[in-house]
Every structure is written in C-alpha cells, then in structure tokens.
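Participant: Next come the chains, spelled out residue by residue.
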Amino acid sequence: MSALHHLTVAEAAALIATRRLSPVELLEACLDRIAALDPVLNTVLRLVAEEARAEARNAEAEIARHGPRSPLHGIPIGLKDLIDLRGHPTTCHSALLADSPPAAEDAACVARLRGAGAVFPAKLATHEFAIGGPAFDLPFPPARNPWNRDHHPGGSSSGSGAAVAARMLPAALGTDTGGSVRHPASHCGLVGLKPGYDLIPRTGVFPLAWSLDHVGPLTRTVRDAALLLNAMVGQGTEGGTDHTRGLTDGVKGLRIGFVRHWHEADMPADPEMGAALEEAARVLSAEGASVTAVTLPRLQDFAAVNRAILYAEAAAVHGTWLRERPEGYAAITRRRLMPGLFLSAEDHVTALRARARLVAAVREAFRGCDLLLTASSMDPACRIDDPEAVERTYPRQARIPFNVTGDAAITLMSGLHATGLPLSVQLAAPAGREALLLRAAHAYERATPWKDMAPPEA
Amino acid sequence: MDEATAETLAKLAGLEKAWANHRADVLDALRTWERNRAALPRLAAPQAEPARVEPTRAGGPA
Numbered sequence: 001m002s003a004l005h006h007l008t009v010a011e012a013a014a015l016i017a018t019r020r021l022s023p024v025e026l027l028e029a030c031l032d033r034i035a036a037l038d039p040v041l042n043t044v045l046r047l048v049a050e051e052a053r054a055e056a057r058n059a060e061a062e063i064a065r066h067g068p069r070s071p072l073h074g075i076p077i078g079l080k081d082l083i084d085l086r087g088h089p090t091t092c093h094s095a096l097l098a099d100s101p102p103a104a105e106d107a108a109c110v111a112r113l114r115g116a117g118a119v120f121p122a123k124l125a126t127h128e129f130a131i132g133g134p135a136f137d138l139p140f141p142p143a144r145n146p147w148n149r150d151h152h153p154g155g156s157s158s159g160s161g162a163a164v165a166a167r168m169l170p171a172a173l174g175t176d177t178g179g180s181v182r183h184p185a186s187h188c189g190l191v192g193l194k195p196g197y198d199l200i201p202r203t204g205v206f207p208l209a210w211s212l213d214h215v216g217p218l219t220r221t222v223r224d225a226a227l228l229l230n231a232m233v234g235q236g237t238e239g240g241t242d243h244t245r246g247l248t249d250g251v252k253g254l255r256i257g258f259v260r261h262w263h264e265a266d267m268p269a270d271p272e273m274g275a276a277l278e279e280a281a282r283v284l285s286a287e288g289a290s291v292t293a294v295t296l297p298r299l300q301d302f303a304a305v306n307r308a309i310l311y312a313e314a315a316a317v318h319g320t321w322l323r324e325r326p327e328g329y330a331a332i333t334r335r336r337l338m339p340g341l342f343l344s345a346e347d348h349v350t351a352l353r354a355r356a357r358l359v360a361a362v363r364e365a366f367r368g369c370d371l372l373l374t375a376s377s378m379d380p381a382c383r384i385d386d387p388e389a390v391e392r393t394y395p396r397q398a399r400i401p402f403n404v405t406g407d408a409a410i411t412l413m414s415g416l417h418a419t420g421l422p423l424s425v426q427l428a429a430p431a432g433r434e435a436l437l438l439r440a441a442h443a444y445e446r447a448t449p450w451k452d453m454a455p456p457e458a
Numbered sequence: 459m460d461e462a463t464a465e466t467l468a469k470l471a472g473l474e475k476a477w478a479n480h481r482a483d484v485l486d487a488l489r490t491w492e493r494n495r496a497a498l499p500r501l502a503a504p505q506a507e508p509a510r511v512e513p514t515r516a517g518g519p520a
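As they're listed, the protein sequences go chains A and B. Numbers 1 to 458, taken from my numbering, label the letters of the first sequence in order. Numbers 459 to 520, taken from my numbering, label the letters of the second sequence in order.
Hints were generated in silico from the structure; no laboratory data involved. Keep in mind that a hint or two might mislead.
Said to hold, decoys possible - Cβ-Cβ distance ranges computed for the label pairs, FRET-style:
1) B/482 - A/149: 27 to 33 Å
2) B/504 - A/295: 52 to 58 Å
3) A/86 - B/482: 39 to 45 Å
4) A/419 - B/505: 48 to 54 Å
5) B/504 - A/292: 34 to 40 Å
6) B/492 - A/389: 39 to 45 Å
7) B/504 - A/51: 37 to 43 Å
8) B/507 - A/419: 38 to 44 Å
9) B/492 - A/99: 52 to 58 Å
10) A/264 - B/507: 32 to 38 Å
Keep in mind the model is a prediction, meaning the values are calculated, not measured. For every residue, glycine included, the Cβ atom is placed at its ideal position computed from N, Cα and C.
Chain A on its own, in the form it takes in the complex (with noise of 0.2 Å):
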C-alpha cells in the first residue's frame, strides 16, 4: 500500500471496501499532513479535527457492520470555505465574517457527500468572497501553491487546489463563477470539474454571482471527480446518473472541436501552454476522436459580458457591506467588487443580450462537436507575491466561456512546463452530458503520465 496521504479517492475506496484501511487511519493521515504541510501553505482555515475524528470512527463502525454506504464512505473532503458546515461558521475567508455564527445546516452539496459517508476535517482557504485575492491584508494569509511556494496556486479556491495538491486531502469542493475550480487545478496539476450550471445544488454556498455560480471538486483524477459528482447529483436516488460509467470507453468516434483562436489569437499563450494543447489534440486523436478546428466569439467577449453580470450580481450581495464597513475588506477585493456599484441599467441589459448571443454561439457549436478543446489558463502560475503579475495573468484565461453558457468544463494536468509548474489543458461539453465529458476526460488522462506527477514536497 502507498503512504495513505497518497491515495486517491478510488484507491481509498476500494481499501475501505475490503477492510484493508480504516477511515480512521486515513483521516489521521491527512491530518499528519495537514500538521506538517500547512503552516507553509496556508491551507486550512478551520480544522475540524475532532468532529471529523468521531465521524470516521462512526464510518469504520458502519462499515464493519454493513459495509460502506458508497464509494465516498469514509472518505475526508475539504470545503472551500463559501460552503456551510453545520456547526460551523463560514467565513469566506473575509474578517466581515469572521465572527459569524455557526451554520444551522450543511449546504446541499455537503449533506449529500454526508449522506454518501464523506468526512470533512477541513473549511479550506479562498480568495475573500471569491473574488478578492491573493491578499495579504486579511486575518488569514493566502494559500501558496505546493509545486513552489513562491507562486499563486489560482483562485479562487486556492485552498482546495493546493490541500488536494500537496496530498494533505483526497478531494475538496471548491465554487467557479468565471473558472475558480479550474483555475487552482490548472496550477497546481488536478482536475477541476464544473459541472453544467444547478446541476450541484447551490444552498448553502455564499453566492458571488448566482447566475454564474457552479459548485465542483477538485481531486487528483477524473475518476474522482465522478466519484464526488454522483454523490453530490445524488446517484442512486431516481434519474441519478453513473458517472463512472462507461468511464473507460475511450474518445473514439468522437468529434471534439478545437478552439485554437482563443489561445493563438485572443490571448497568445505561454509558448509551452500551446504547445501542450497541440499535443491535447494529438493525444486525443491518436485515441480516435476526430479533432477539427472550431471558431467560437472572441474570449474577450465572454469575459466582458461575464465581468459585467458578475459585478451586478454581486454588488446586490455585497452592496451594503461596500458602503457601510468597506474597511472590512481586503483592498484587493473592495477594488474588484465596487465596479458594480457602478454599473447602469443599460450596461446590464447590454451584458445579458450579449449572454444570450454567446450561449448560442457554443449551442451551435456543439451540433456540430461532442466536445471542445480549449486552454485553461493561458501562463503558468505567476508569483503570489507580484501584484502587477497577478492582475495581468489573472485574466488570461478560457474558462469563463463556461460559466457565461452553463456548460460543463473540466480542466486537467497538460505537462510541466519549464519553471516547473503545471500546465493544463480544458475540456468542454454541454450541460447534462458530464458523463461524456469524464469519459474524454478519462481518455486523455489515461493516455498521459500527468495524474502520476506530485509537486516536489508530496
């Protein structure tokens, strides 16, 4: 057996299943690393250790008498902390909240992986309110990335991205409104899934933009993520879909179009970023699909349109807060929330009748591809300590098309680039076809060697 903070969720799984593991010895594991790791990497916001000690006891006791619940049972996931534990108060990684009082309830999403056996020892780092980071002016620092802790790890679930990256956790959720679950896989070397808009329910996660909000894991393979997926949709309830199934059934006969545009002309990427996504689309050639070029509306324009509701909805949120305590907030965040106190009418509807022209535009490309290729992000992780850097790579990316469509995307490990870091590549499908997209997924995976690559210190 490999050192326990080294399985996966699947590996876990199947140990609990024949007795060879204890939940109890694998949340010690994770909490050993956890101990070890995080005062480095700022993961943990809240360590939950004793409740989540008694729940894997419960878990061994269950599973002992009648077998685990599901493939979850046992399992310890991490919680980006915009999501309600019960018992627990949810912080959003802001001193405006910091004394808040405990969750009454879990949010939807986490009393599902609770009914499915999940334990959870950990409310992990974000960028406040998800939308305000790296910051250094906050009462809890900012999460590093474990493959070098000099550099962003992405946000804003940037705790979850790096936990489950340096091993401390098997999988955690994170929340994406213009890519904030695939931004942390894409630096630090996971998979990150958005699943197509309320398909995850969202009660019980602090909104940044509701219309734009989705939740997903992050996990260290696809498999995972599918794992966590049928839990959180549900499956096993009626119309709950396997997402493990046919999971193995490889991209032949496939049509993925390619959306070279947006990192060749759009937003030129890292010379090596591009260079990955070519050899994407070879790979998943080579497994059969038929991978054609396809030309979707500039990313600019998602971005725009995206930047424009998101500030909307969110100043509705936020809009008080702003004008009533505004030092509550980091500075980094007061700068990006306030621009929708600003915004007019007009400037709205604007934004929502564009949404309705792009939404189309993929619709349309999808009659005539199964799935697209994109880039994810369009650099490496910068240094988290170059503010200048941050603002001009934050943008530069393609994963917000997702978000203004509601489609699924998955983000995955594409190669190491020359610093050493991650590089990542995207897939995408259109909502209620995720098993298809886990299964292209699956494929490229399956036919790469980057699901086994650790950052140095894991």
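Chain A is already provided as a structure; the job is to place chain B on it using the hints.
Facilitator: Same frame as chain A, now just chain B:
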C-alpha cells in the same frame, strides 16, 4: 476621469466612506468599470429584444 467626476459618482453610489478612506480603491474600481463598459459587445441594432438569457440547464437542450 477627473477626480471631481469620480467623487460625484462615488457619492451617487453611496460610497462616501470608501471615498474618504479608500480613495485609491474607488478610483481603481471606476477605471475597471470604464474598461469593462467599453469592452462589452454591443448589438448593431439596439432595438433588438433581449433573448432568453438563462444559461444552459443540465438535461436541457444543448
């Protein structure tokens, strides 16, 4: 944008406190708003009716 205009806009938005204590952040937010406004794709025919704007739903038409 000149500072007097920025102050007027900030106060219209109810940001007196932020203007007094975090003026650089308010000015930065105004610049961001101006940039994003200019970047918004606009229809050639502004009388066009907004189409249905809901994002694609799981299980819905793709």
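Participant: Evaluate each hint against the coordinates.
Facilitator: Hints and how they fare:
no.: 1; hint: B/482 - A/149: 27 to 33 Å; verdict: holds, 29 Å
no.: 2; hint: B/504 - A/295: 52 to 58 Å; verdict: violated, 26 Å
no.: 3; hint: A/86 - B/482: 39 to 45 Å; verdict: holds, 40 Å
no.: 4; hint: A/419 - B/505: 48 to 54 Å; verdict: holds, 51 Å
no.: 5; hint: B/504 - A/292: 34 to 40 Å; verdict: holds, 35 Å
no.: 6; hint: B/492 - A/389: 39 to 45 Å; verdict: violated, 23 Å
no.: 7; hint: B/504 - A/51: 37 to 43 Å; verdict: violated, 56 Å
no.: 8; hint: B/507 - A/419: 38 to 44 Å; verdict: violated, 50 Å
no.: 9; hint: B/492 - A/99: 52 to 58 Å; verdict: violated, 36 Å
no.: 10; hint: A/264 - B/507: 32 to 38 Å; verdict: holds, 35 Å
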